[in-house]
Amino acid sequence: MNRIAIPRHEWDERLNQLLSSFDLFAPVENDFSCDYVKLDAETIPEITYNKPKPVTPLKTFFLPVKENVTAGSNGNNPVVIIGAPNCDVMALAFLDQIYLDNEYDDPAYGARRDRTTIISFDCLSIQEHCHCTTYSIEPVGNKHSDISLALVDDQVILSLFTKKGETFLEQMGVVVANTPEETVLRTLQNKQKEVKELLSKQNNSIPGYEETGQLVEASGDEIWKKYASDCVSCGACSAICPSCSCFLLIDRPGFEKIRQLDTCQYPGFERVAGGEDALGPLSERFRNRYMCKYVWKPQKYELKACTGCGRCIESCIGQINKNELFMELSN
Amino acid sequence: MGKNGNLYKPLKCELIKVIDESPLIKTFVLVPQQDFSFATGQFIEVTVDGLGEAPFTPSSSPLQTDQLEVTVMKTGYVTDHMHTMQPGELMGIRGPFGRGYPLEKFYNKEVLILGGGCGFAPIRSLLYNLIAISDKLRKVTLCYGSKTPEDCVYKPYIQELRDTPKFEVLRSVDQADENWTERVGVVTVLLDDVRMDIKNSVAVVCGPPIMMKFGTMKLLEMGYSEHDIYLSMEKNMSCGLGKCGHCMMGKYLVCKDGPVFTYDEIKDQPHIWN
Numbered sequence: 291m292n293r294i295a296i297p298r299h300e301w302d303e304r305l306n307q308l309l310s311s312f313d314l315f316a317p318v319e320n321d322f323s324c325d326y327v328k329l330d331a332e333t334i335p336e337i338t339y340n341k342p343k344p345v346t347p348l349k350t351f352f353l354p355v356k357e358n359v360t361a362g363s364n365g366n367n368p369v370v371i372i373g374a375p376n377c378d379v380m381a382l383a384f385l386d387q388i389y390l391d392n393e394y395d396d397p398a399y400g401a402r403r404d405r406t407t408i409i410s411f412d413c414l415s416i417q418e419h420c421h422c423t424t425y426s427i428e429p430v431g432n433k434h435s436d437i438s439l440a441l442v443d444d445q446v447i448l449s450l451f452t453k454k455g456e457t458f459l460e461q462m463g464v465v466v467a468n469t470p471e472e473t474v475l476r477t478l479q480n481k482q483k484e485v486k487e488l489l490s491k492q493n494n495s496i497p498g499y500e501e502t503g504q505l506v507e508a509s510g511d512e513i514w515k516k517y518a519s520d521c522v523s524c525g526a527c528s529a530i531c532p533s534c535s536c537f538l539l540i541d542r543p544g545f546e547k548i549r550q551l552d553t554c555q556y557p558g559f560e561r562v563a564g565g566e567d568a569l570g571p572l573s574e575r576f577r578n579r580y581m582c583k584y585v586w587k588p589q590k591y592e593l594k595a596c597t598g599c600g601r602c603i604e605s606c607i608g609q610i611n612k613n614e615l616f617m618e619l620s621n
Numbered sequence: 005m006g007k008n009g010n011l012y013k014p015l016k017c018e019l020i021k022v023i024d025e026s027p028l029i030k031t032f033v034l035v036p037q038q039d040f041s042f043a044t045g046q047f048i049e050v051t052v053d054g055l056g057e058a059p060f061t062p063s064s065s066p067l068q069t070d071q072l073e074v075t076v077m078k079t080g081y082v083t084d085h086m087h088t089m090q091p092g093e094l095m096g097i098r099g100p101f102g103r104g105y106p107l108e109k110f111y112n113k114e115v116l117i118l119g120g121g122c123g124f125a126p127i128r129s130l131l132y133n134l135i136a137i138s139d140k141l142r143k144v145t146l147c148y149g150s151k152t153p154e155d156c157v158y159k160p161y162i163q164e165l166r167d168t169p170k171f172e173v174l175r176s177v178d179q180a181d182e183n184w185t186e187r188v189g190v191v192t193v194l195l196d197d198v199r200m201d202i203k204n205s206v207a208v209v210c211g212p213p214i215m216m217k218f219g220t221m222k223l224l225e226m227g228y229s230e231h232d233i234y235l236s237m238e239k240n241m242s243c244g245l246g247k248c249g250h251c252m253m254g255k256y257l258v259c260k261d262g263p264v265f266t267y268d269e270i271k272d273q274p275h276i277w278n
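Respectively, the protein sequence lines represent chains A and B.
First residue of the first sequence? That's 291 in the numbering used here, and the numbers climb one at a time after it.
First residue of the second sequence? That's 5 in the numbering used here, and the numbers climb one at a time after it.
Check the hints yourself; a few may be wrong.
Heads up, simulated EDC-like pairs for lysine to aspartate or glutamate below, C-alpha to C-alpha not over 20 Å straight-line [to be verified]: (1) B:260 to A:618; (2) B:255 to A:507; (3) B:170 to B:154; (4) B:217 to A:592; (5) A:590 to B:39; (6) B:13 to A:393; (7) B:255 to A:546; (8) B:30 to B:53; (9) B:16 to A:546; (10) B:159 to B:186; (11) B:255 to A:357; (12) B:13 to A:507; (13) B:260 to A:321; (14) B:271 to A:592; (15) B:255 to A:456; (16) A:341 to A:321; (17) A:515 to A:618; (18) A:590 to B:268; (19) B:217 to A:321; (20) B:255 to A:500; (21) B:13 to A:618; (22) B:16 to A:541.
Simulated from the structure, these hints should not be mistaken for laboratory data.
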């Protein structure tokens, strides 16, 4: 892994120069939240660095809420996403297992993946429901992004992981030989250590990923009925989840198919024409989402189906906290 | 572009013939705009333009590539509309999807097939294939049940089968009329009449979930081992590609990992019969 340092003002200038040839996105804080914006000359200096986590999950860049999957090209501009936290990057790597599998790689998803460079942010602070390390996911970038970035002492520290990242830096005119100073690197390492300690302290009672799977699988119906009594099937948890990706195909005249993101939390998700519905009762649907993420998906895929971003907890209008449910199961 | 092209895009087919099989079941004969092949037990998604699509296992021979047949019970939004369609209209098909019957595992065996209602559709495709490889099989016994004699499908084909060496057909109806000369009762009553060398036999079950459940239980009682019972599962298969999640059955996605499973593969998964 190559590490490169660039002064912040120079980084901003180089991003500016790329605006005409790339669609650049990065998180910018506003009065209410922090979310991705399409960068322009005015917003480049406003990028919010190394803060978890944009409201919008990374998946949305690759799986829009609604798109025509029979229409062919979905755009040509190369895209650079700056500032994806590692929970989102690992969730995207999880989705690659589904959408780019050996038997059939999804054309729309694949085309977007091909033309997008991902620059992840190391998280240098935490939020209330962040719990990536509980599931053995580091809050710093890794090889599943093309480059990772940390802003330390007004220096942009880039860690280069992939050929695509290297090509992007060449286009940007960044000299790979500019290695960061030892003191800057030490400051970064200390901050990363601090963040991990904060996460560990905040989440010390939450069971790990495999243990959660065992608890969920062994659980009786009662706890699901209890927590589901606050669920209104709005589907916010799935919509905002970086690794939920179920969809519905809707037909349009001309033999066109529209893919619209869907969720097992909605009634009728598994209903067949004869009326049989394996996920009829709300509590069954509610439980299904956790069985899917912690019990069934791990039997099918190598990477984790929950990366501990905590967005589902923050978005739930019934104030359901899955980690409270898991802690109750473990007691 | 995906390495297999865009499998969301239907292949257009001309509907050339509609055969009335029973008051609720019709067979649609489709001619695709390019040759189309499938393995027996695999399914396709049939699109009614602008309205919706639904999964069906073709009921025609997998050996025929210039046209195919789907047998459809009128039972929902898409199938209701299909039943109004006339020759000359266009439909779309996507696929074939999933894992069909592993015919090589049937070699040198007796094959017992248990089917009910519209579950005969995939079975007919299988039977065409079994006839083609009958020199490799010991015998094939079809037990087929329907609600009433009027609901029995493929009537001319039944006689053809009965005239085919190594093939036998047993039928039952839940409610008989005065002309019915065969068994009366749910389809599993036919299993009392069959004489199979169970240790050298495989069983295939296809039909409504309730029939599949009781059929499987009876086969287990008879001594069939769990890995010799092949079930064609029916879930809400939508994308056909193992991506949309609608046909999840525990750790399996029926559209990709199935639709044909052995009982031992799925017995511990949730909601297999509904």
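Satisfaction of hint between residue 500 of chain A and residue 255 of chain B, Cα-Cα up to 20 Å: OK: residue 255 of chain B and residue 500 of chain A at ~15 Å, within 20 Å.
Holds or violated: residue 13 of chain B to residue 393 of chain A, with C-alpha atoms at most 20 Å apart: Roughly 17 Å between the alpha carbons, so the hint for residue 13 of chain B and residue 393 of chain A holds.
20 Å limit on alpha-carbon distance, applied to hinted pair residue 341 of chain A and residue 321 of chain A: holds, 15 Å
Pairwise hint evaluation, residue 507 of chain A against residue 13 of chain B, where the allowed Cα distance is 20 Å at most: violated, 38 Å
Given hint residue 268 of chain B paired with residue 590 of chain A - CA-CA distance at most 20 Å: holds, 18 Å
Restraint check for residue 515 of chain A with residue 618 of chain A, where alpha carbons must lie at most 20 Å apart: holds, 14 Å
Agreement of residue 13 of chain B and residue 618 of chain A with the hint, judged by alpha carbon distance not exceeding 20 Å: Violated, because 47 Å separates the two Cα atoms, which is more than 20 Å.
Agreement of residue 159 of chain B and residue 186 of chain B with the hint, judged by alpha carbon distance not exceeding 20 Å: Holds, at roughly 14 Å.
Residue 217 of chain B paired with residue 321 of chain A [C-alpha distance capped at 20 Å]: Answer violated: residue 217 of chain B to residue 321 of chain A is near 58 Å, above 20 Å.
20 Å limit on alpha-carbon distance, applied to hinted pair residue 255 of chain B and residue 507 of chain A: Holds - the C-alpha atoms of residue 507 of chain A and residue 255 of chain B are around 12 Å apart, at most 20 Å.
Hinted pair residue 590 of chain A and residue 39 of chain B, Cα distance within 20 Å: violated, 34 Å
Distance restraint between residue 30 of chain B and residue 53 of chain B, which requires alpha-carbon spacing of 20 Å or less: holds, 19 Å
In this structure, the hints that do not hold are numbers 1, 3, 4, 5, 7, 11, 12, 13, 14, 15, 19, 21, in rising order.
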